[in-house]
Amino acid sequence: MKNENKAAKKKLAPLTKKSFITYAMVLIAFAVMQILSSGGYISSMLTGLLVPLCVYSILAVSLNLTVGILGELSLGQAGFMCVGAYTSAVFSQLTSETITQPLIRFPLAIIIGGIFAAIFGILIGIPVLRLNGDYLAIVTLAFGEIIKNVFAAMYVGYDSKGVHISLKSLSNLNLENDGTLLLNGPQGISGTPNDSTFLIGAIMLMLTLIIAYNFINSRTGRAVMSIRDNVIAAQSVGLNITKYKLITFALTAFIAGTAGALYSHNFYTLQASKFDYNLSILILVFVVLGGIGNIRGSVIAAVVLVLLPEMLRGISSYRMLIYAVILIVMMIITSNEKSKAFIEANTQKFKALFKRGKTAEAKEAE
Amino acid sequence: MGFLNNLINGISLGSIYAVIALGYTLVYGIAKMLNFAHGDVIMVGGYVIFIAMTSFGLNSWISILLAVIACTLLGIVIEKVAYKPLRQATSLAVLITAIGVSYFLQNMALLIFGEKPVNFTSVVNVPSLKLFDGKIVISGETSTAIVISILIVVGLSLFINKTKSGRAMLAVSEDRGAAELMGVNINRTISLTFAIGSGLAAIAGALLCSAYPTLQNTTGAMPGIKAFVAAVFGGIGSIPGAMIGGILIGIIEILGRAYISPQLADAIVFAVLILVLIIKPTGILGKKINEKV
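So the protein lines, in turn, are chains W and V. Every letter in the first sequence is one number past the one before it in our numbering, and letter 317, counting from 1, is 317. Every letter in the second sequence is one number past the one before it in our numbering, and letter 26, counting from 1, is 26.
So that you can see chain V by itself, here it is in the shape it has in the complex (with noise of 0.2 angstroms):
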């Protein structure tokens, strides 16, 4: 039984990678960057959330939508700020930008909140399930992660193959040149991209928070870096990736903490990136891309 109580943990932290491995894996198919700062919204929409319920004593559904709406237009911002005049530039400089917003963030919320953790509350009130007579217990925590990663999946796919901007970010990702000749607005979609992985991230540091309540300036770092790995893993750009990627890198990481080590849990989760990279370098769902001199 502790094995099954291990691998529901694991699908549980794994579908908070899901949620934001989406917002990865869509900016990266998009705007063809790696967006360092992701992990670090999560935490923003994390702190918005904990003032929203303490400091002002809203209730969780609207602190909820105030952090979606409040890492929206972060996303926007940062954007227009930091990525935008560097759409020429090498992917170098891009990365660092990168980099350097990340630590921003991270260093403007230690700024403003102190380096203390803050006891957050879970924003979750869902009983928890005991199956087997309470030798497995599904807390309300994970089963809201699991059914709430499925939901974002299905909604965004659908966004995606359904409307006309989500076709248009499709055609962005395809060819760039071809989709603006064909009357997309390339700096729309990336605008729109970068909304929506950062409201995803905000949902994501809701379930993230939830589930392991403390929150300070450097908790969306690791898990961060640990959805790429899980985007990288699935697929980058596929969006049922992204899922089946987040899963399998929150399965691997419990797994390796309960049965290999502690210390190198993580270690692992990263020995999984490089040999995916090493044996199959486009994920599980990717597309194969030929390098063009």
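Chain W with its partners taken away, still in its complex shape (with noise of 0.2 angstroms):
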């Protein structure tokens, strides 16, 4: 308990450095590789994942704010995400022949697509975050892929009688000849507007990393982790738990919904069975393997891990297993007690070591 208070107070303060390093480490990413694509040096593969690494280091900082700051383990962010894409891929299609301007569409769109997901977050957060621990895990899990499933099993179309919606079968739609189909059951949605790009992706991120380190940073963010590291005691100092839960639980699913959007408008279709119980997995292991708490360590075990199985073409079949063994291994190293005083002691000899080669460098230099 003690280190853990320790750990707290040395992070708060140097919490703004680490934040503005952050953004900096976005920016000149962000500026690397929109010079290195416009003079035409990276391959057309790696060009199509930009867009893609930017909803995924997004979705892991969300996942990370539920997981490191709150402490409760949520397996139903692919769900959420799922809520943003079709519904801001709907928006888009509806008012694709009244709003013509995409800066002005899409923005929009992702807007509608994060309200969405927080609503249901907040849906589902009420029953929900009065559990904790495992069942909380089990739950969310389950209703990411009831949300899955309930979606991919929807026919929703409109015509001139009004909306029509089916949970069985298109023909069971009625829809009348002039009529739109909206969302096709398991062939999901098509038509979206592809809006997508990397200077969007990138400015997403930016926003979402100012909203997670100020989060973290404010009364409300500070609250949570008191409720993280002790519920009794924060209880008992008058915090309201499952209010300051369910703002933490409607912010994640907030930003899991604009990842969705930013997502669902890089492809022209979009099925829900791509929301699945891996996809959450997947966000999960970006969080492990940059340090649970830790926001920079997500963005950048995100990138790391979606260009490493793209790079090496050998180990994609094996990429799902090795995300198994990244949890496990990860989890070992960083709990067990003895592995922790290994690391702890070594880091010490290693920084140590550090600071004398600098000390000397800087005498070498006078």
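Hints may contain errors.
Label-pair restraints from in silico Cβ distances [to be verified]:
| hint | chain 1 | residue 1 | chain 2 | residue 2 | range |
| --- | --- | --- | --- | --- | --- |
| 1 | W | 351 | V | 261 | 58 to 64 angstroms |
| 2 | V | 147 | W | 123 | 40 to 46 angstroms |
| 3 | W | 304 | V | 127 | 57 to 63 angstroms |
If you want a taste of the chain V side facing chain W, the calculated C-beta under 8 angstroms gives, among others [as the list claims (entries may be wrong)]:
| hint | residue |
| --- | --- |
| 4 | 86 |
| 5 | 89 |
| 6 | 91 |
| 7 | 93 |
These are computed hints drawn from the structure, not numbers from a lab. We treat Cβ as the ideally placed atom computed from N, Cα and C, and that holds for glycine.
Fit the two chains together into the complex; they arrive one by one in their own frames, and the hints show the way.
See the structure below:
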């Protein structure tokens, strides 16, 4: 307990510095990639990965708020992403004729995707957040799957008579001949305008980072962290546990929803089956590899883990096996008493070595 | 008669859930952790039986025995490699590790057996029962599942309450520190728990794959999670509770599928979990535990 308090104190003061380093890293990475791609130095495969990189980084940051700051494990992040992706895509299709300027339409679509995901987050969160630990993980996993299954079973269209919704089949929809089909069951949604660009993705990632860092450093964020560290102590100083949990949950759902919007506007067609359990696990792997509670680490881990399998084609069939091993090994390394002590001793040695080297260099310069 | 048939199907599915839930309830009660990989051990058991029967042409009894042995060993290995180093760690770390193990088993199976589901030949050769001039049919799989689950519950209760190792398990679940002071070997007891739980998972795998004869790498995942819901419903840590919870969840799922909506059947099961945890967090037969500061 004492160590945790110390770590928290250490973290708080240099947090602003930390956040600025992260912003700078994202900006530099963006500038480098932009220059490289406009110069034609990178392959088309890598260019195609730029928007997904932003999507995964945003998702990793959002899940890290739940796991690292709230201290609860949510396995339904893909479900919230699914809600955001679908609602924003439907919005863009409905308004593609009225709002022709994508620079106005797309931000609106992103916000709508985020808001719908947040509404789902609150609706699911009200009953679910009374649970904790293992129960919360199971129920969020279940709801993620249910959201995916319901979207995959939905047929929605509209015509002169209004909106038609069916959960059974396309013919059950009774759509007039002049009607427009929006959701086509397992085939999903198609015809989404291709609005996502690397620039917009990078801006969204920056905004997400700014929101995340400011949230952690805010009064609410500190309250949430105190709940994570000791629920009973937090309760006894009068914090409303459910309220703070719900705020965090809604915020992470909102961010996941915006990531979903970015994702859906990157493809012409989109199926709900993409937002499955594997995606939620993938995001968890980013968070665990980057360090639980470490926002910058999540972004770096997301970038590395998305790029690595693409670069090394040979390992791509073992990809998910490697993810599983990362989860197990990272947890044993960071949570086992012996390995923790071992790492601590060695990092201190390493740091001392590094410092001595630095001072020696400085002396030589003199 | 439609309702009665659904009810029987529900009880059948529920008895399979009950056998799976027993594994969860044992491990949760004694090691105080959610063994996420339990459902995937079922899948491994299913594949062992499948290979023994199709590739080696063994008969169903020997195949099931092989699966039980393989899963028992697998359970012990998983506990030693992944969970034992984390005895003192936070529950979040243990949970993430367990998810990692589950994901590992799923993807190992995917690499070995491929994505395509295989057709599982039923290991049950009990004739089906026809009642009321064939209006109600109870298949051999159904009656076997019900009988076996009852046998397992009775046997396990006897083991826990009457044998020395069983009482050691009870003691560890009650108070690990005190049990250690009284000379109970904690590590051996937890290993034994995992061994029994995983052995039961193999039997559950045989029943599940016989009743729903397709087998793929994710076969165990959803039934595993629903069985956990059943264990919580019945009162986690309680053996008769797992049986009652399993059968109720099976009935709720089948009736929900038949009368409300097939897409929402899973949602209904999880809504039950939320309701139980809000109204009576200890489940039907669970004991109340006061949270200490």
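Taking the hints in turn, this is what the structure says about them:
The supplied range of 58 to 64 angstroms is met by residue 351 of chain W and residue 261 of chain V, whose beta-carbon atoms lie about 59 angstroms from each other. Taking the beta carbon of each, residue 147 of chain V and residue 123 of chain W are about 42 angstroms apart, inside 40 to 46 angstroms as hinted. As the Cβ distance of residue 304 of chain W to residue 127 of chain V is approximately 59 angstroms, the hint placing it in 57 to 63 angstroms holds. Contact between residue 86 of chain V and chain W, as hinted, is supported at the beta carbon level, the nearest pair being about 6 angstroms apart and thus within 8 angstroms.
Interface hint at residue 89 of chain V: satisfied, since its Cβ lies 4 angstroms from the closest Cβ of chain W, which is below the 8 angstroms cut-off. This hint holds: residue 91 of chain V has a C-beta 5 angstroms from the nearest C-beta of chain W, less than the 8 angstroms allowed. The criterion of a C-beta within 8 angstroms of any C-beta in chain W is met by residue 93 of chain V, whose closest approach is roughly 4 angstroms, and the hint holds.
Of the numbered hints given earlier, the model fails none.
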